[in-house]
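*Asks:* Each chain, letter by letter, is given below.
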Amino acid sequence: MSALWYRRNLLAVSILAPDRTIKMSSEAPSRPNSLRSGPDERGRFGTFGGQFVAETLMPLVQDLTAAYQAAKADPAFREELDYYFRDYVGRPSPLWHARRLSETLGGARIYLKREELNHTGSHKLNNVMGQILLARRMGKTRIVAETGAGQHGVATATVCALFGLKCTIYMGAVDVERQKPNVFRMHLLGAEVRPVTAGSGTLKDAMNEAMRDWVANVHDTYFLVGTVAGPHPYPEMVRDFQSVIGIETREQIMQAEGRLPDVLVAAIGGGSNAMGLFHPFLDDPTVRLIGVEAAGHGLDSGFTAASISRGRSGVLHGNRTYLLQDGDGQIAEAHSISAGLDYPGIGPEHSWLNDIGRAEYVGVTDTEALEAFQLLTRTEGIIPALECAHGLAHVMKIAPGMTPDQIVILNLSGRGDKDIFTVADRLGVAL
Amino acid sequence: MSRIKARFDALKAEGRGALIPYLQAYDPDLETSQRLLDSMPGAGADLIEIGVPFSDPSADGPTIQAAARRGLKAGATLCGVLGMVRRFREKDRETPVILMGYLNPIDSYGPAQFCKDAAASGVDGLIIVDLPKEEADLLEPDATANGLDIIRLVAPNAPDARLPYVLQGASGFIYYVSITGITGTRTASTEELGRALPRIRAVSALPVAIGFGIRTPEQAAAAARVGDAAVVASALIATLSDTLVEDRATEATLPAVLAQLSAFASAVRAG
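Going down the list, the protein sequences come from chains A and B. Letter by letter, the first sequence follows residues 1 to 431 in full-length UniProt numbering. Letter by letter, the second sequence follows residues 1 to 271 in full-length UniProt numbering.
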């Protein structure tokens with residue numbers, strides 16, 4: 001791709017009038033040499049992605065692919081989604097100039113994309129809203145989903161209540177224990193929460209169990225995946241629904257600053273909030289994209305969730321991507337203070353963006369995230385989820401080395417109310 | 001001629017279907033599972049499936065999940081499983097051995113090297129749960145070059161239009177996953193099997209093995225009659241599991257599993 005093309009594209013974007021309607025990223029014109037045109041017809045981003053599922057699931061993922069392509073091309077589907085985004089989710093979410101945080105760190109101007117202000121308190125509802133409308137179009141009457149921190153489970157239970165659909169949430173037994181408030185919320189919303197004791201009792205095991213449920217109930221059940229991973233079309237579909245984050249951010253920063261940001265930062269477990277923020281900026285070479293993985297006790301401690309930094313290419317949960325695994329191809333257990341980042345894999349599009357060098361992936365430890373959690377609370381009056389506190393911890397590292405005319409945008413993907421027990425425990429406070 | 005084809009041809013001449021028992025490698029330890037493997041032909045196994053333990057067996061029910069956990073705890077590796085087959089082949093040159101498992105351990109080993117080593121160890125076929133036809137180009141050229149059959153799976157919910165695609169170029173036999181679900185749960189009725197088999201026969205002349213949910217000798221006999229072979233997995237592993245004390249093999253372990261296998265074999269042979 002030529003530098004000339006990059007410049008032309010940049011210029012074209014900068015003179016676009018702000019558009020107030022909410023759009024999915026698929027509406028953007030795709031150019032043959034765009035980084036935004038993936039996946040290919042096999043559901044691949046470079047060598048990553050694909051459809052590595054049991055034969056029983058193939059007809060389902062093929063039906064889903066066809067149904068999603070039809071919905072994507074149907075203006076009525078987008079209108080319906082826009083309606084729910086605006087009046088139910090509460091979009092657009094604000095882009096907040098965090099002045100006290102910027103002053104405290106010294107250096108770059110820091111903005112926060114306030115996804116924690118969405119209904120249910122995280123970015124998760126963007127994807128769930130899109131998929132539940134698709135499930136209804138497909139005539140499915142029962143929803144299954146996996147959840148780690150419980151944010152995706154709560155979002156899924158919420159829309160199932162909204163539309164009167166049966167809902168079963170699989171959650172690792174360890175996570176059920178450390179995320180009790182979210183388990184109670186799901187119960188209140190009418191969902192059945194099934195604790196999963198297999199394996200490490202965390203997100204990957206919940207994902208296995210949700211897949212087992214789906215394969216056993218193919219006739220009426222829709223598997224509502226919570227991140228940009230899984231067999232094609234999930235990585236593409238979830239990214240498209242989450243891209244509303246980046247599309248809004250782009251308009252908002254153009255209005256506020258009249259130019260594109262220098263750096264975008266987002267925390268990564270499976271990678272949906274990061275993909276949603278990054279995707280509309282992939283063709284803007286001046287915008288640095290940084291994904292922050294959970295390093296747990298440290299990247300080289302053996303207790304980490306940093307799939308790109310410490311994993312290698314492999315196949316799990318329907319896609320090829322970077323995975324934490326041992327020398328014999330057995331999947332390792334991930335470790336993070338944040339239940340939402342505790343996953344040994346990552347969305348395949350991130351693996352590809354890493355390999356082509358378009359995005360950078362770094363690690364932040366539990367301790368660094370805890371420090372960032374407290375800093376944001378005290379400087380901006382915003383209690384962040386431990387997930388996005390990882391993103392903020394990296395902003396704390398880079399912002400001081402930047403100048404006040406440089407702009408960093410952090411995706412504040414969720415609120416931290418659910419994490420106060422974990423944080424209190426780490427700080428030695430008995431609640 | 002491949003061992004798989006030779007075995008099915010011989011059984012056809014005998015006028016009976018095949019019994020394919022399954023064991024999970026290294027469950028509950030290498031020595032016990034090696035002895036079980038070595039004893040299976042004598043107890044009536046016509047072909048043998050060896051499960052390769054994987055950390056995330058997403059198509060398996062609780063029984064095989066537990067067996068995989070035990071196998072991994074006992075130190076199972078793909079290389080170690082090939083060693084089991086090599087030792088088996090020192091005594092048995094005829095009973096076909098099929099490895100069943102998930103893609104990632106093979107991907108990690110390297111598909112080309114794995115196919116070479118598997119064939120050299122005496123493996124005859126591979127069943128890879130999460131490698132549908134759409135992704136099979138990852139392994140098929142190397143498997144073919146080394147004389148390994150990649151056993152294609154067919155599920156009850158496959159649309160008619162999908163069957164020719166899935167079965168084009170198939171070799172060895174066809175594995176009919178008789179229920180939409182995970183291993184060791186529901187059992188397909190004889191009527192369901194009776195409806196499914198003609199759809200497959202219309203597309204392929206290969207033998208059809210029926211698996212998932214076969215728990216009793218009667219069900220195995222019925223499956224081997226309607227199809228060409230019955231696969232029995234969770235039922236045998238549940239028996240094995242019942243004899244363990246704190247996940248360790250006892251004196252009762254091998255006799256219990258082999259006695260059950262003999263009962264299945266008698267029923268299949270009686271037709």
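Rather than coming from a laboratory, the hints here were simulated on the basis of the structure. A virtual CB, placed ideally from N, CA and C, is assigned to each residue, including glycine. Incorrect hints may have been included.
Computed from the model, here is a short list of chain B residues facing chain A with C-beta under 7 Å [to be verified]:
hint	residue
1	74
2	77
3	103
4	104
5	181
*Asks:* A separate judgement is required for each hint: does it hold in the structure or not?
*Replies:* Cross-check of the supplied hints:
1. 74: 13 Å, violated
2. 77: At 5 Å from the nearest chain A Cβ, residue 77 (chain B) passes the 7 Å test, so the hint holds.
3. 103: Hint on residue 103 (chain B): holds, closest Cβ of chain A at ~5 Å, below 7 Å.
4. 104: 4 Å, holds
5. 181: Interface hint status for residue 181 (chain B): holds (4 Å vs cutoff 7 Å).
Against the hints set out earlier in the document, a violation occurs for number 1 only.
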